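Quick mapping for you: the protein sequence lines, in order, are chains A and B.
In terms of the working numbering, the first sequence has 1168 at position 49, counting the first letter as 1, and numbering is strictly consecutive.
In terms of the working numbering, the second sequence has 21 at position 6, counting the first letter as 1, and numbering is strictly consecutive.
One thing to keep in mind: the hints can contain errors.
Simulated DEER-style distance windows between Cβ atoms [stated by the list, open to error]:
(1) B:D19 with A:Q1251: 21 to 27 Å
(2) A:R1166 with B:T224: 16 to 22 Å
(3) A:R1166 with B:E75: 39 to 45 Å
(4) A:G1246 with B:L154: 36 to 42 Å
(5) A:E1331 with B:E227: 18 to 24 Å
(6) B:E227 with A:L1336: 39 to 45 Å
(7) B:V226 with A:Q1232: 16 to 22 Å
(8) B:T105 with A:V1146: 51 to 57 Å
(9) B:L66 with A:L1336: 39 to 45 Å
(10) B:P144 with A:Q1232: 39 to 45 Å
No lab work stands behind these hints: they were computed from the structure.
Note that this is a predicted model, so its numbers are computed, not measured.
Even for Gly, the Cβ is constructed at its ideal location relative to N, Cα and C.
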Amino acid sequence: MGYSFDFQSVSFGPLWEGLMVTLELTVAANIIGVVLGFPLALLIMSRFAPVRLPAMLFVEFFRCTPAIVQIVWFFYCVPMLFNVFLGSMTMGILALGLNLMAFNAEAYRAAIQAVPREQLDAGIALGLNPLQRTLYIVLPTAVRASIPVLLTNGIGIFQQTALVAIVAVQDLMYQAKTLATETYRPIETFTLVALVYFAVSFPVSQVVGYLERRRQLMMS
Amino acid sequence: MALDFSIILRFQEALLLGLWMTVKLTLICIVLGCSLGFFIGLARTSRSALLRAVSSVYVEFFRGTPVLVQLFWIFFCLPLILGVELSNLTSGVIALTLYMGAITSETFRASLKSIGPEQLDACVALGLPRRVQVTNVILPQAVLRAVPTLLSNCVSLFKESALVSAVGMADLMFVGQNISNNTARPIEVLTVVALIYFLIAFPLTRAVTLVERRVLTKLAI
Chain A
1120 MGYSFDFQSV
1130 SFGPLWEGLM
1140 VTLELTVAAN
1150 IIGVVLGFPL
1160 ALLIMSRFAP
1170 VRLPAMLFVE
1180 FFRCTPAIVQ
1190 IVWFFYCVPM
1200 LFNVFLGSMT
1210 MGILALGLNL
1220 MAFNAEAYRA
1230 AIQAVPREQL
1240 DAGIALGLNP
1250 LQRTLYIVLP
1260 TAVRASIPVL
1270 LTNGIGIFQQ
1280 TALVAIVAVQ
1290 DLMYQAKTLA
1300 TETYRPIETF
1310 TLVALVYFAV
1320 SFPVSQVVGY
1330 LERRRQLMMS
Chain B
16 MALDFSIILR
26 FQEALLLGLW
36 MTVKLTLICI
46 VLGCSLGFFI
56 GLARTSRSAL
66 LRAVSSVYVE
76 FFRGTPVLVQ
86 LFWIFFCLPL
96 ILGVELSNLT
106 SGVIALTLYM
116 GAITSETFRA
126 SLKSIGPEQL
136 DACVALGLPR
146 RVQVTNVILP
156 QAVLRAVPTL
166 LSNCVSLFKE
176 SALVSAVGMA
186 DLMFVGQNIS
196 NNTARPIEVL
206 TVVALIYFLI
216 AFPLTRAVTL
226 VERRVLTKLA
236 I
């Protein structure tokens, strides 16, 4: 092959700025997802159908449609439907945050269902009211049990942030696309950017693996 | 503003063509990706350190980078490196097959690992030859256990296939976006596109749960 590599022409400034935008999106979406995912999980487990069904529909809709469709839908339709015009960054955070909320709600639900029945019985025996039982028994156990999945989902959303490049949010992927077109150096740019994404995701997925192994050891 | 969903009917054919592209791409990549994933899963548990290292790097890399970046890389860089023109469909198939191979290899690996050592001990006690151990004891169980996760991998692939619209392949998402831009009716068109994806993916996820339950009862665990 007659291709000569030239990493010199790839300027790091825009890529660095892009990475910061990507990280900002990731952190903000994770805050929304981790915090609001829990109440959403409680809603989908509610005994009252009028509460449960809309919550389930919300979760299933986000889990069963492509993230890119959700993001494009969000950017085009929300301003028209609700007549609100937010900055593209805010829109990106909201779209990704809602998506993560749905996935995390499922993670919390699985963890809540795994809380042993005896613990709840003990809570009743001690005279704790339902709110206290949720806060002091279910929440700590379930959150701890769901940490590996929450981390996996968090890193998943880090990768999904690349999608906002399509709606012109200037994240890492967007900067890469611009740079690749401007410099005619797609190989260098996209390889470098792939490595950057990898360098962030890989350590986190290793931590998840470690946590899961430790948990299995503790269970056995 | 007034919503007018009847506009969809005018573009029915285009949307169906797009859907067909999405389904075709997904099915091709399911077949190719699952086969690739099976061998990679075996390679990751192989005794050869080289084979293990190469397959691990491949899997970790594809799991650790956004699919969109992988797609761009394969669409724009692979033809330059290989020095040949690749058609859109070929590039799309290569990219999504590699992605599918990486995620299904993890599924196969996990299901291979889940077969307890006592089963192998039993094989030894029964004096079964190695080939029979693999084909009659390990393989059927491993595949059976992998089925529910493989199904959900297929659903993921179906959803990820929408990304090819970003590199100009005329799948459902691409057609939908084009129509929505040309008619200036994003709400109707994009909502219908989302609904089509949902109507396919949702029953599949329900099927995953059903199959899971049946596999579990069949294995009696």
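Evaluated hints:
1. Between B:D19 and A:Q1251 the Cβ separation comes to about 52 Å, which falls outside the hinted range of 21 to 27 Å.
2. Checked against the hint of 16 to 22 Å, the C-beta distance between A:R1166 and B:T224 comes to roughly 21 Å, which is consistent with it.
3. The beta-carbon spacing between A:R1166 and B:E75, approximately 43 Å, falls within the hinted interval of 39 to 45 Å.
4. A beta carbon spacing of about 55 Å between A:G1246 and B:L154 contradicts the range 36 to 42 Å that was offered as a hint.
5. Roughly 20 Å separates the CB atoms of A:E1331 and B:E227, a value that falls within the hinted 18 to 24 Å.
6. For B:E227 and A:L1336, the Cβ-Cβ distance of about 25 Å falls outside the hinted range of 39 to 45 Å, so the restraint is violated.
7. At about 20 Å, the beta-carbon gap between B:V226 and A:Q1232 stays in the expected band of 16 to 22 Å.
8. With their beta carbons about 38 Å apart, B:T105 and A:V1146 fall outside the hinted range of 51 to 57 Å.
9. Separation of B:L66 from A:L1336 is about 28 Å and departs from the stated range, judged on CB atoms against 39 to 45 Å.
10. Hint check: B:P144 to A:Q1232, Cβ distance near 44 Å, so the stated range 39 to 45 Å holds.
Comparing the model with each earlier hint shows violations of hints 1, 4, 6, 8, 9; every other hint is respected.
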